[in-house]
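Asker: Next come the chains, spelled out residue by residue.
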Amino acid sequence: MQAPPDRRFAADAEAHRRDAPRHCPGCGAPPAIVTEFWEGTARRFYCSCSGCGWTGEITPTGDVAVGHEPEH
Amino acid sequence: MLTAEQNDELTQVDAGTPMGEVLRRYWYPVAFTRELAEFPVKRVELLGEFFALWRSPSGRYGIVPEACPHRKASLAYGVVESDGLRCPYHGWVFDEAGACVEQPAERDDTRFGARVSAQAGVAEEMGGLVWAYVGPGPAPRLPRFDTYVMEGFRDIGWADLPCNYVQIMENAVDPHHVEWLHGRYFQFIGRHEGFTSPASFAKKHQKVGFTPFEWGIIKRRVLEGASEDNDDWKVGHPLVFPYNMRVGGGGVHQMQIRVPINRTTTRFMLYTVHRPDEGYEHVEQPVVPDYNIPVVDEKGRHVVNYVEGQDIMAWVTQGAITDRTTEHLGRSDIGVAMLRKMFREQMDRVARGEDPLGTIREEHERIDLPCEKDKFHAGAQFALDFCDMGSTRFSPMLDAIKKIHVSAAERVASGSASGSGS
Ligand code: FES
Ligand SMILES: [Fe+2]
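Just so you know, the sequences run in chain order X and A.
Residue numbers for the first sequence follow UniProt numbering, so the first one is 1 and each next one is one higher.
Residue numbers for the second sequence follow UniProt numbering, so the first one is 1 and each next one is one higher.
FYI, nobody ran anything at the bench for these hints, they're computed from the structure.
If you're wondering where the values come from, they're calculated on a predicted model, not measured in any experiment.
For every residue, glycine included, the Cβ atom is placed at its ideal position computed from N, Cα and C.
Treat the hints with caution; some may be incorrect.
Stated by the list, open to error - Covered stretches of chain A, going by a simulated chain X footprint (3 or more residues, C-beta under 8 angstroms):
hint: 1; stretch: 63–75
hint: 2; stretch: 107–115
Unchecked claim - Here are the computed distance ranges between Cβ atoms for each label pair:
hint: 3; chain 1: X; residue 1: Ile33; chain 2: A; residue 2: Glu365; range: 44 to 52 angstroms
hint: 4; chain 1: A; residue 1: Ala99; chain 2: X; residue 2: Asp19; range: 22 to 30 angstroms
hint: 5; chain 1: X; residue 1: Ile33; chain 2: A; residue 2: Ala4; range: 40 to 48 angstroms
Generate coordinates for the entire structure from the input sequences, incorporating the hints supplied.
Answerer: Next comes the structure, spelled out in structure tokens:
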């Protein structure tokens with residue numbers, strides 16, 4: 001039997017439902033499965049498509065584009 | 001009678017329900033102190049939710065919801081460490097404030113501990129019990145009711161009962177049941193089992209009264225042969241909202257505790273302190289002993305040859321959640337009606353964002369509750385009847401307790417009493 005939803009993290013569950021990618025970047029079909037994971041401050045969506053076989057991570061970045069500089 | 005909707009609302013305990021939100025504004029005993037001394041982490045069920053309760057090596061207590069925020073393994077199987085509770089599965093650590101302070105499988109720059117705190121409650125020790133508050137912060141103070149902090153000789157009888165706690169609380173404002181359930185019915189069982197039940201329990205009620213006060217409802221009675229000058233009326237004893245009743249007399253002080261474990265399971269505890277008013281000499285107890293009280297026998301029938309066993313029989317046979325849509329209350333049940341009104345009022349208070357009845361935010365040493373000393377107008381005999389006819393009969397401390405009452409009486413008789421009234 002499925003455990004009842006954990007009320008502490010209802011906002012995270014809601015954000016996942018809202019933000020998980022709905023279209024495969026390869027063919028536009030709904031992805032077969034989207035697993036969200038967190039890495040530091042980033043949310044990453046690991047997607048795979050059973051239609052065209054595309055597999056990859058999609059990460060919302062917001063307005064700011066972050067680069068890096070080589071050490072100097 | 002109530003409507004089905006009202007009965008449903010009254011008996012809820014779950015988070016997000018009006019009554020569940022009221023119940024989350026109070027502290028509850030969730031373990032015996034000795035349990036966490038024996039093993040420092042325990043799975044606890046309270047108000048229909050599971051928690052991991054632990055005692056740190058430095059003696060502090062923590063409580064967090066059982067499911068680990070990572071992938072939901074049970075923190076009740078956690079490793080108790082100096083800086084918190086470590087999940088047994090992948091080693092995340094949560095401190096007493098619920099903060100996730102370690103995610104050992106993540107690199108420094110991929111950690112996200114701040115997003116996965118475990119929403120801790122607060123836990124404290126008092127009187128041989130570990131108490132927890134799991135409601136919204138800031139937590140009120142743990143009320144230091146007299147019974148838990150007074151000097152005396154303690155024991156705690158307990159059982160988990162398969163019924164909703166509200167029907168047990170309704171019993172606490174039902175004085176008439178005493179002369180029938182603990183009077184006539186006790187005599188009937190005694191006749192068949194060959195013992196004599198205590199005569200004072202069968203005294204007829206002439207008058208009952210209920211007074212709301214800051215901690216709940218004071219219950220008063222005038223018994224046959226007594227008057228309004230007797231303690232039973234003048235002092236009475238209280239239902240302590242929302243889940244306790246303070247009783248006693250004859251040097252016995254007791255809190256009857258009914259913790260809503262879930263909607264249809266109630267932990268019933270008899271927290272008893274023996275402390276004769278005069279002639280008491282204190283006996284040290286390194287550990288407060290607890291013991292199981294019998295509920296049913298090997299045939300599955302209720303054990304009804306002791307006072308609380310009779311109460312338990314009545315509460316449990318009312319049904320897991322008693323059907324209040326087809327009950328038939330009379331004038332003598334007016335205390336029950338008053339209690340339901342009190343529950344309803346607290347739901348409104350909490351919905352308005354106010355503290356409900358009986359929560360305390362001021363620092364305090366001890367809260368004295370009104371409680372009659374001369375119980376049932378029966379004098380010191382009450383203490384001995386209490387030992388033989390109540391749950392204390394099953395206590396491993398029975399002999400020690402009787403000795404306390406008998407030697408105190410002897411000291412008083414020989415004029416060498418040292419203790420004084422408290
Ligand atoms: S489930 Fe607790 S650390 Fe992974
Ligand atoms: Fe595709």
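Asker: I'd like to know which numbered hints this structure contradicts. Please list them from smallest to largest.
Answerer: The structure breaks only hint 3.
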